[in-house]
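S.K.: Quick note, the sequences are listed as chains A and B, same order.
Mapping of the first sequence onto this note's numbering: residues 1 to 338, in sequence order.
Mapping of the second sequence onto this note's numbering: residues 339 to 611, in sequence order.
These aren't lab readings, by the way, just hints derived from the structure by calculation.
Beta carbons: idealized from backbone N, C-alpha and C, even for Gly.
Careful: at least some of the hints might be erroneous.
As the list claims (entries may be wrong) - Below 30 Å or equal to it, Euclidean Cα-Cα: the simulated DSS-like pairs (lysine-lysine) are:
id: 1; chain 1: A; residue 1: Lys67; chain 2: B; residue 2: Lys477
id: 2; chain 1: B; residue 1: Lys435; chain 2: A; residue 2: Lys121
id: 3; chain 1: A; residue 1: Lys10; chain 2: A; residue 2: Lys191
id: 4; chain 1: B; residue 1: Lys353; chain 2: B; residue 2: Lys590
id: 5; chain 1: A; residue 1: Lys323; chain 2: A; residue 2: Lys214
id: 6; chain 1: A; residue 1: Lys121; chain 2: B; residue 2: Lys431
id: 7; chain 1: B; residue 1: Lys477; chain 2: B; residue 2: Lys353
id: 8; chain 1: A; residue 1: Lys206; chain 2: A; residue 2: Lys10
id: 9; chain 1: B; residue 1: Lys341; chain 2: B; residue 2: Lys478
id: 10; chain 1: B; residue 1: Lys341; chain 2: B; residue 2: Lys563
id: 11; chain 1: B; residue 1: Lys341; chain 2: A; residue 2: Lys67
id: 12; chain 1: B; residue 1: Lys507; chain 2: A; residue 2: Lys121
id: 13; chain 1: A; residue 1: Lys178; chain 2: B; residue 2: Lys448
id: 14; chain 1: B; residue 1: Lys563; chain 2: B; residue 2: Lys507
id: 15; chain 1: B; residue 1: Lys477; chain 2: A; residue 2: Lys121
id: 16; chain 1: B; residue 1: Lys448; chain 2: A; residue 2: Lys251
id: 17; chain 1: B; residue 1: Lys448; chain 2: A; residue 2: Lys121
id: 18; chain 1: A; residue 1: Lys178; chain 2: B; residue 2: Lys477
id: 19; chain 1: A; residue 1: Lys206; chain 2: A; residue 2: Lys178
id: 20; chain 1: A; residue 1: Lys121; chain 2: B; residue 2: Lys478
id: 21; chain 1: A; residue 1: Lys44; chain 2: B; residue 2: Lys477
id: 22; chain 1: A; residue 1: Lys331; chain 2: A; residue 2: Lys234
id: 23; chain 1: B; residue 1: Lys357; chain 2: B; residue 2: Lys435
id: 24; chain 1: A; residue 1: Lys178; chain 2: B; residue 2: Lys478
As the list claims (entries may be wrong) - Here's a subset of chain A near chain B, in silico, CB distances under 10 Å, partners left out:
id: 25; residue: Lys67
id: 26; residue: Arg71
id: 27; residue: Phe73
id: 28; residue: Leu75
id: 29; residue: Ala86
id: 30; residue: Ala87
id: 31; residue: Leu89
id: 32; residue: Pro96
id: 33; residue: Asp111
id: 34; residue: Arg114
id: 35; residue: Thr115
As the list claims (entries may be wrong) - The following residues of chain A were derived to be distant from chain B, with all beta-carbon distances above 12 Å:
id: 36; residue: Lys10
id: 37; residue: Ile28
id: 38; residue: Asp47
id: 39; residue: Thr56
id: 40; residue: Val92
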Amino acid sequence: MQSTGGIIVKLNPEMHLSEKIFSKPEMIPSRYGYGEGLVELGEKRNDVVVLGADLTASVCANWFQEKFPERFFQLGIAEQNMTNVAAGLSLVGKIPFVSTYGVFSTGRAWDQIRTTICYAKLNVKIGSAHGGISVGPDGATHQALEDIALMRVLPNMTVVVPSDSIESRKATVAVAEKIIGPAMVRFGREKVPVITTEKTPFELGKAQVLVEGKDVSIIACGAEVYYSLLAAKKLEEEGISVEVINLHTIKPIDKKTIIASAKKTGAVVTAEEHQVMAGMGSSVAEVLVQNYPVHMQFVGIQNRFGGSGNPDELMNEFNLTEKAIINAVKKVLDLKKN
Amino acid sequence: MNKITSVNELIDLTKTVRKDIVEMIHIAGSGHPGGSLSSAELFVALYFNELNHNPENPLWSERDRFVLSKGHVCPALYSVMARSGYFPVEELKTLRKLNSRLQGHPDMRKLPGIEVSTGSLGQGLSVAIGMALGLRADKKENRVYCMLGDGELNEGQVWEAVMSAGHYKLNNLIALVDRNNLQIDGVTEDVMQLEPLKDKWISFNWNVIECNGHEMSEVLNAFEKAKKEKVKPSVIIAHTVKGKGVSFMEDKAGWHGKSPNEEEKCKALEELL
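All chains should be built: construct the whole structure from the sequences, respecting the hints.
M.R.: Right, here's the structure in full:
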């Protein structure tokens, strides 16, 4: 329970979320969690190797490289080769992490991931760095807005989109230790609020109900989880009871939690820093339409490419902040009423 | 397995393999005879003389690895695998059939002994490099072999791979190029010029060996030279004839991916006696 100016936001105590979410949360890029996760894995086991494509420091894979130089492989600006070199390393018993920007790791090397890695269910982990529009000034070419869609359509692939740096670290470790097979972990460039804590439970494939509510469910992933919590707080002030779910694992999807929440609230808003077409929201829609159809609204990139700007400006411009989520909630509640 | 050192015995095996290829593709009703026939000597040399492998224990830890990057010539691979004991020869007839272990392109999850599933051209050499890097990191002596087609060299990824193997000085890696000069749309040099091919590999810091890919003793000798290289990765550019052994298929791009009918099959088998 957290007091916020007289209004009570009922954070699920089992989730052990940060106490500073609504005051002054710590700001850390989620990519730091990837870097820390790699180092943690490197210390724990000898079979983890990391591959870089000339963006090693940018995705924090240099932390692993500095500690375990003999287990780091630089492949240069050649993502297709790097991805299949990783496949080869997995075939001689290694657990390789391919580390570069998501536009390249999941886009440029898509056929390599599809035909060599996923078809044979090889144990290769794909780091999708610089996910989302918050990449900022580099603009559209470097903002991965399709990576969830590209990866989730592939059989055997696990897709994880952590919400902050702590969860990124846990996810990075988990995809190596809990899954034998391909997995993608997405993380961002910019500082984002730390909303979870060391104590927050993390299990691949298990969505987290962060706030329990009864009028509407907001299902979010990545940086949108924080904005969903902000939206929930403001909506509570208006007397709307909001459930907030962190769907960090998009594939395999936690049908049970999604269906249970839809049954309870009867209306769902999804929020993701990704194209709404074929992304996380579409995954949720696939589950609900076949099991328990309810009205839905999708917050995300609406069939546009990104652009240059400061991350905050872009999040506003592309309707990805709590304001957009609140609007979507109001709309879905109208639909539910009528 | 025990290696066959007699060149004559190996040559006899190439005839068996060529007959298998023709029969399999005839029964399947589709497949790729041209490149399968051109690479028959390379496959026989690999599976009966060169590779350290154990057909009874396909996952034997000390085995050499073979990656067939040009996955479409798997009829030749299936033939040498069956003839060396990985699975019954009778099973060759199931090529490309529903639920067969002998998929149209090699599937490691279906058929033990296939090191990696392939089919999308240009990817195998990179996989072989990953294997070679990993084995070297573990201080293993096993070698990694990878066969590519010449048409496949159009793929940009091949040259990313060639660059990285030279960079990492992978002398535990031996690539083979089946240089049969034809691809689906015609002569390789018309479709996309590859020459000077040898110079390209040399300039990427590879040890380059050329041989007549239909002279068994030359092929065996090329492997010996490759294994003596202490610093660089080696590539054997094997000069071959597409459709080799069947007169009406030889040097015809049209036989890249076409199944012989009953009459053509009989004529081909007669020639291969």
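S.K.: Regarding the hint that Leu89 (chain A) lies at the interface with chain B, is the smallest CB-CB distance below 10 Å?
M.R.: Result: holds, 4 Å to nearest chain B Cβ.
S.K.: Would the least Cβ to Cβ distance between Ile28 (chain A) and chain B come out above 12 Å?
M.R.: For Ile28 (chain A), whose nearest Cβ neighbour in chain B is about 32 Å away, the distance exceeds 12 Å, so it holds.
S.K.: Within a Cα-Cα threshold of 30 Å, do Lys178 (chain A) and Lys477 (chain B) meet the stated pairing?
M.R.: Since the Cα atoms of Lys178 (chain A) and Lys477 (chain B) sit roughly 28 Å apart, the hinted pair holds (cutoff 30 Å).
S.K.: Quick one, are Lys477 (chain B) and Lys121 (chain A) close enough, alpha carbons at most 30 Å?
M.R.: Given that 30 Å is the threshold and the Cα spacing comes to 26 Å, the pair holds.
S.K.: Tell me if Phe73 (chain A) is really an interface residue toward chain B, meaning its C-beta lies closer than 10 Å to one of theirs.
M.R.: With Cβ-Cβ at 6 Å, under 10 Å, it holds.
S.K.: Between the alpha carbons of Lys357 (chain B) and Lys435 (chain B), is the straight-line distance 30 Å or under?
M.R.: 19 Å, holds
S.K.: Given the hint that Lys507 (chain B) pairs with Lys121 (chain A), test it: the Cα-Cα distance must not exceed 30 Å.
M.R.: 29 Å, holds
S.K.: Take a quick look at whether Lys206 (chain A) and Lys178 (chain A) sit within 30 Å of each other, Cα to Cα.
M.R.: 13 Å, holds
S.K.: Given the hinted pair Lys178 (chain A) and Lys448 (chain B), is their alpha-carbon gap at most 30 Å?
M.R.: Status holds; Cα separation ~24 Å.
S.K.: Against chain B, with CB atoms and a cut of 10 Å, does the hint on Asp111 (chain A) hold up?
M.R.: 6 Å, holds
S.K.: Given Arg114 (chain A) as an interface hint, is its Cβ closer than 10 Å to any Cβ of chain B?
M.R.: 8 Å, holds
S.K.: Lys67 (chain A) was flagged as interface toward chain B. Is the shortest Cβ-Cβ separation under 10 Å?
M.R.: 16 Å, violated
When held up to the earlier numbered hints, the structure conflicts with 7, 11, 25, 38 and 40 and fits the remainder.
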